[in-house]
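Student: Those protein sequences? They're chains W, G and A, same order as listed. So that you can map any letter, position 176 of the first sequence is 176 in our numbering, and since no number is skipped, the others follow by simple counting. So that you can map any letter, position 102 of the second sequence is 289 in our numbering, and since no number is skipped, the others follow by simple counting. So that you can map any letter, position 22 of the third sequence is 325 in our numbering, and since no number is skipped, the others follow by simple counting.
There could be a bad hint or two in this list.
According to the in silico footprint, chain W covers these stretches of chain G (three or more CB under 8 Å from chain W) [unchecked claim]: (1) 194–203; (2) 207–221; (3) 224–235; (4) 253–259; (5) 264–275; (6) 287–293.
Just so you know, these hints were derived from the structure itself, not from any lab. The C-beta atom is built at its ideal place from N, Cα and C for all residues, glycine as well.
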Amino acid sequence: MLVLISLLVFINLGAIIAIESKYLLSTVISIGAVGFGLSIVFLLLGAPDLAITQVVVEILILIILIRGTVTLDNTAIEKYRDTFAMVISLIFFGMFLTFAYMAFKALPEFGHPLMRVSREYLQHGVEKTGATNIVMSIILDYRAYDTLGEATVLFTAILGAFVVLRRKGRKKIGEKDTTKVGIPGEF
Amino acid sequence: MIVYLLCSFLFVLGLYCLVAKKNIIKKIIGIITMEYSVNLFLVLVGYRARGIAPILSKGADKAEFIAKSVDPLPQALVLTAIVIGLGTIALMVAICIRLYERYGTFDMTEIRRLRG
Amino acid sequence: MTQEPEGMTLIVKSIGRLVINFIMLFGIYIILYGHLSPGGGFPGGVIVATAFILLMLSFGRKTALRKFGDTTASLLDNFAALSFLTIGFLGLIGGYFFLNFIDRGIPFQLFSAGTIPLANIAIGLKVSACLYAVFVALAIFGKVLAGPEQDGVGPAEEKPTDSGEHRR
Chain W
1 MLVLISLLVF INLGAIIAIE SKYLLSTVIS IGAVGFGLSI VFLLLGAPDL
51 AITQVVVEIL ILIILIRGTV TLDNTAIEKY RDTFAMVISL IFFGMFLTFA
101 YMAFKALPEF GHPLMRVSRE YLQHGVEKTG ATNIVMSIIL DYRAYDTLGE
151 ATVLFTAILG AFVVLRRKGR KKIGEKDTTK VGIPGEF
Chain G
188 MIVYLLCSFL FVLGLYCLVA KKNIIKKIIG IITMEYSVNL FLVLVGYRAR
238 GIAPILSKGA DKAEFIAKSV DPLPQALVLT AIVIGLGTIA LMVAICIRLY
288 ERYGTFDMTE IRRLRG
Chain A
304 MTQEPEGMTL IVKSIGRLVI NFIMLFGIYI ILYGHLSPGG GFPGGVIVAT
354 AFILLMLSFG RKTALRKFGD TTASLLDNFA ALSFLTIGFL GLIGGYFFLN
404 FIDRGIPFQL FSAGTIPLAN IAIGLKVSAC LYAVFVALAI FGKVLAGPEQ
454 DGVGPAEEKP TDSGEHRR
């Protein structure tokens with residue numbers, strides 16, 4: 001429990017440094033520290049699948065952010081501070097935390113989940129699907145329809161990135177359509 | 188309770204970064220932070236005290252496994268959400284690169300000023 | 304930019320040549336054993352994509368695109384999405400969508416759990432192809448921005464004022 005709380009404090013500190021740093025490179029590195037701390041928290045909470053995924057995805061996020069943006073412009077010095085937005089967000093801070101405290105009192109206590117549906121999965125998962133990893137049996141058997149939807153969302157996000165990034169797809173009004181659609185070799 | 192509060196504090200930090208910061212990359216960082224905190228909250232709700240991972244090992248007792256395993260359902264939801272988050276971050280970075288090419292800066296106010 | 308050699312230094316290339324195969328092997332292991340141990344299609348696919356991204360970062364984009372082209376990635380992505388959908392529709396034979404229609408087999412064996420390993424493979428292919436392709440797009444575009452003198456196709460050529468006409 002103490003380890004969990006100290007890791008969460010570490011994550012919060014990393015997020016504060018990432019938000020307030022003047023250089024984008026240190027911001028990105030701090031968000032990497034947050035992600036790796038989060039993966040250790042997942043490991044402590046009994047979710048090794050999530051820990052593996054979080055580590056790998058964090059590495060890829062770092063590569064994409066550094067390669068895509070930080071090489072262009074590193075500084076993030078603001079000319080003036082928007083006091084209105086700060087005050088509004090500070091008021092929202094207090095309200096959100098108060099209501100969150102009230103809502104958390106209604107939740108089951110930490111460490112004692114309800115598990116009405118999951119008990120069924122744990123009890124019959126191995127006989128009905130044959131997979132000993134219950135998480136995988138939920139993802140690809142019990143709730144495979146959800147996974148299909150999420151794969152579609154991923155496909156759509158990547159498609160949006162292509163459409164925004166490609167250069168050859170843009171043509172003038174009278175121009176003939178000669179270029180191939182997709183991701184061409186040179187943009 | 189304090190664990191939930193720390194998690195929601197992380198969410199609020201991300202929201203503050205999204206609202207108050209002017210740099211677009213900082214806004215992306217805020218969205219990433221919020222996403223992490225939501226994932227963390229879902230996993231925290233499903234945690235059982237001194238629980239084991241929901242993976243049946245060879246020769247393990249079934250009744251003991253059911254009595255001690257953590258909730259697998261939030262983990263299944265979060266596992267896909269992490270990868271989806273990567274896709275949306277790639278989309279946001281692509282939009283940022285386009286904006287940089289058009290305006291030569293990541294600053295939100297500069298972009299707005301050049302527009303007007 | 305033309306006089307520089309492709310990719311990074313010799314140290315990075317040598318280490319990369321050793322490591323890339325093992326990274327890819329680890330990713331394939333994670334995908335195939337997803338129903339028995341932690342892992343599955345999503346993290347395994349990201350690991351395979353990371354191996355290709357390491358290839359691209361260390362050896363330069365020409366080598367990487369020769370080994371695993373962007374059109375191939377696009378086709379593989381679509382093929383994997385279609386095959387996952389096909390697995391779902393084949394379940395309609397037995398009764399409903401995403402029915403586990405193959406024999407379950409014995410637990411703790413590699414060939415068990417019916418359609419779950421097949422779906423894992425499809426998801427892994429889809430995720431890896433998707434992420435590699437988007438990284439290709441992002442990295443190439445960043446390179447064009449960094450060196451505007453390359454082939455004369457830079458951002459300097461495209462004025463902000465008239466680029467509104469280019470779009471339809």
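Student: State for each hint whether it applies.
Tutor: Now for the hints, and whether the structure bears them out:
no.	hint	in the structure
1	194–203	holds (count 10)
2	207–221	holds (count 11)
3	224–235	holds (count 8)
4	253–259	holds (count 5)
5	264–275	holds (count 12)
6	287–293	holds (count 3)
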